[in-house]
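The lines below spell out each chain.
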Amino acid sequence: MPWMLPTIWKNLFSRPVTRRYPFKDIREPFSGYRGKLHFDMEKCNLCSACAQLCPSNAIVVDKEAKTLKYNPFACIYCATCVEACPRKAITMDTHYSPPATVKSEETCRP
Amino acid sequence: MLPEPIHLKLELEDETVVGVTPIIGYIYRGIEKAGELNPFRNNVFLVERICGICSFTHALCYCEAVEKLMQVEVPPRARFIRLCWSELSRIHSHLLWLGLFADAMGFESLFMQCWRAREIILDISEMTAGHRIIQSTSIIGGIRRDIDKEMAKEVEHKLSDFKELMDNTVSPTVYNDPTIKRRTVGKGMLSKEQANLLGAVGPILRGSGVPLDIRQTGYAAYKETGFEPIVESDGDCYARTIVRLREIYQSRELILKALSLMPEGDISVTVRGNPPEGEMIHRAEQPRGEVVYYIKGNGTRNLDRLRVRTPTFANIPPLLTMLPGCELADVPVITLSIDPCIACTER
Amino acid sequence: MSLEKEVVVDKAELIPEVQNLLAQKARYCSSTCLDLGDKFEIIHHFQLEDSVDFTKHIKVRINKEDTLPSISNIYLAATLCENEMQDHFDIKIIGLAIDFKKRFLRAKESPEFMLTKEKKEEVSP
Ligand code: SF4
Ligand code: SF4
Chain A
0 MPWMLPTIWK NLFSRPVTRR YPFKDIREPF SGYRGKLHFD MEKCNLCSAC AQLCPSNAIV
60 VDKEAKTLKY NPFACIYCAT CVEACPRKAI TMDTHYSPPA TVKSEETCRP
Chain B
0 MLPEPIHLKL ELEDETVVGV TPIIGYIYRG IEKAGELNPF RNNVFLVERI CGICSFTHAL
60 CYCEAVEKLM QVEVPPRARF IRLCWSELSR IHSHLLWLGL FADAMGFESL FMQCWRAREI
120 ILDISEMTAG HRIIQSTSII GGIRRDIDKE MAKEVEHKLS DFKELMDNTV SPTVYNDPTI
180 KRRTVGKGML SKEQANLLGA VGPILRGSGV PLDIRQTGYA AYKETGFEPI VESDGDCYAR
240 TIVRLREIYQ SRELILKALS LMPEGDISVT VRGNPPEGEM IHRAEQPRGE VVYYIKGNGT
300 RNLDRLRVRT PTFANIPPLL TMLPGCELAD VPVITLSIDP CIACTER
Chain C
0 MSLEKEVVVD KAELIPEVQN LLAQKARYCS STCLDLGDKF EIIHHFQLED SVDFTKHIKV
60 RINKEDTLPS ISNIYLAATL CENEMQDHFD IKIIGLAIDF KKRFLRAKES PEFMLTKEKK
120 EEVSP
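Protein chains in written order, with numbering that gives the first Met the number 0: chain A, 0 to 109; chain B, 0 to 346; chain C, 0 to 124.
If you are wondering where the hints come from, they were derived from the structure by calculation, not from laboratory data.
None of the values given here were measured: they were computed from a predicted structure.
Backbone N, C-alpha and C define an ideal beta-carbon position, used for all residues, glycine too.
Careful: at least some of the hints might be erroneous.
Simulated restraints, written as ranges between beta carbons of each label pair [what the hints assert, rightly or not]:
| # | chain 1 | residue 1 | chain 2 | residue 2 | range |
| --- | --- | --- | --- | --- | --- |
| 1 | C | I93 | B | S190 | 23 to 33 angstroms |
| 2 | A | T66 | B | R271 | 25 to 35 angstroms |
| 3 | C | K38 | A | D92 | 50 to 60 angstroms |
| 4 | A | G34 | B | D265 | 24 to 34 angstroms |
| 5 | B | E155 | C | A11 | 55 to 65 angstroms |
| 6 | B | K157 | A | S47 | 34 to 44 angstroms |
With the sequences and hints as input, model every part of the structure.
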């Protein structure tokens, strides 16, 4: 057992290696992280290219009502829509969406 | 502790197991059916979700199968980067398994150290691919993100940190610790002949002395980097542990080699049209063993049939022959030694 | 495009063919079942010991009401794949080593034999 003593001694006084998520020392995501989606409705012309390619049908474009509905809880953050949009109206930031208590949809209007 | 929804009906005689029947079907999701209803391009994201750990290899195997069927040539750079990601997923899967295995033996601190080392690998994944586990970076015709020179440097740097951590904590423990040896040596024996006959795959097969690894077929860029399977001949739980531990080091070497050999060029080609009529079978080596994809196209954008044979599916029959004769207390250790992933088994 | 090195056999020739492979120490890989409309096609994939590439695919075509002889008494590993076929396609397989009675993957309330073609409309995506 004595060979364990230095380790015990060291661990007694060193800082924890874990982070106190979600309160403190949260690591910044890397720059390429695919996080939350933002729709720039100034640019969007409701061409519905994104809705057609989305693998999880998270985007629904309604041309009559002129709305674009986005369901962040169905989205798998694959960035297919970001690459597909011909007018570059969709952007992603590097933060993941926080947990929520209700599943809500976003409705965007131009 | 067994973190998987499998029900093993054991027949006992005192403390010895004499018979076992597996009962699965608790998390059946019908992914093969969904694969027929989805357009073939979207299936990439679907098959990634078959397994939460080896997801990139699923995507790679599916993409290569479709590319082979459509006779698309993928740029070499894409193949090298695919190799890097699939090896990263191998490292983190083996570490996850080693952690759970240690936990099943009651070795909590090894569990913590394994997962700590795994975090470095997940950071590399996030940095290069954008997500930690389900990366969604492989598409039909190539990949979606490049690893540039600077990033490759950073990856090398992190991998050397990783090696240092492994050398100091995990590997000496696995190689020298008497507790691990007492729980694993001689437990769950599987001979070379049995392993072959029962169709075992992956580290179970190689732990029994059969030098078979699908990476030898040279898919992705394994032909260029060269590959030699790792084999241990004892055929017990300890041999499987050692195979996996050595594979972690081998994967690291493979990533470094691929990063240095990587040619310049495009990372994807545009693929037009639908898969033609015809069938194709493709295999890849996942952390848990060989995965078989059978696809049948019919000229439309939906596939006629998508069949996936996942590694754990093939490893259940060997498990059924390993268990009889062992003691009840060894059942969790032996079951975990095949690295069961029931979610992939049922799909 | 079809599979390389495939052999199409009759139902009666299946068992001798597989026994032949066992004598050559082939490794059982997987089985696939397809619905061809009026027939089922079952493909058993094998790998010979001395090579890493696939070496043999054995194809059997049977009528929908016909029974299929099980190869699980020769290769125990095939029993899971055959049970899965039973679940998905309602094929009658005789001589299964472990028979889950069509309850291998499905529960009581699961959709019926969901991978067969004619019932395609009933299954919601
Ligand atoms: S693809 Fe772009 S422009 Fe078209 S509907 Fe989507 S967000 Fe709007
Ligand atoms: S990120 Fe993917 S899943 Fe999410 S909305 Fe865009 S295409 Fe759909």
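Hints and how they fare:
no., hint, result
1, C:I93 with B:S190: 23 to 33 angstroms, "holds, 31 angstroms"
2, A:T66 with B:R271: 25 to 35 angstroms, "holds, 32 angstroms"
3, C:K38 with A:D92: 50 to 60 angstroms, "holds, 54 angstroms"
4, A:G34 with B:D265: 24 to 34 angstroms, "holds, 27 angstroms"
5, B:E155 with C:A11: 55 to 65 angstroms, "holds, 60 angstroms"
6, B:K157 with A:S47: 34 to 44 angstroms, "holds, 41 angstroms"
Going through the hint list in order, the structure satisfies each hint without exception.
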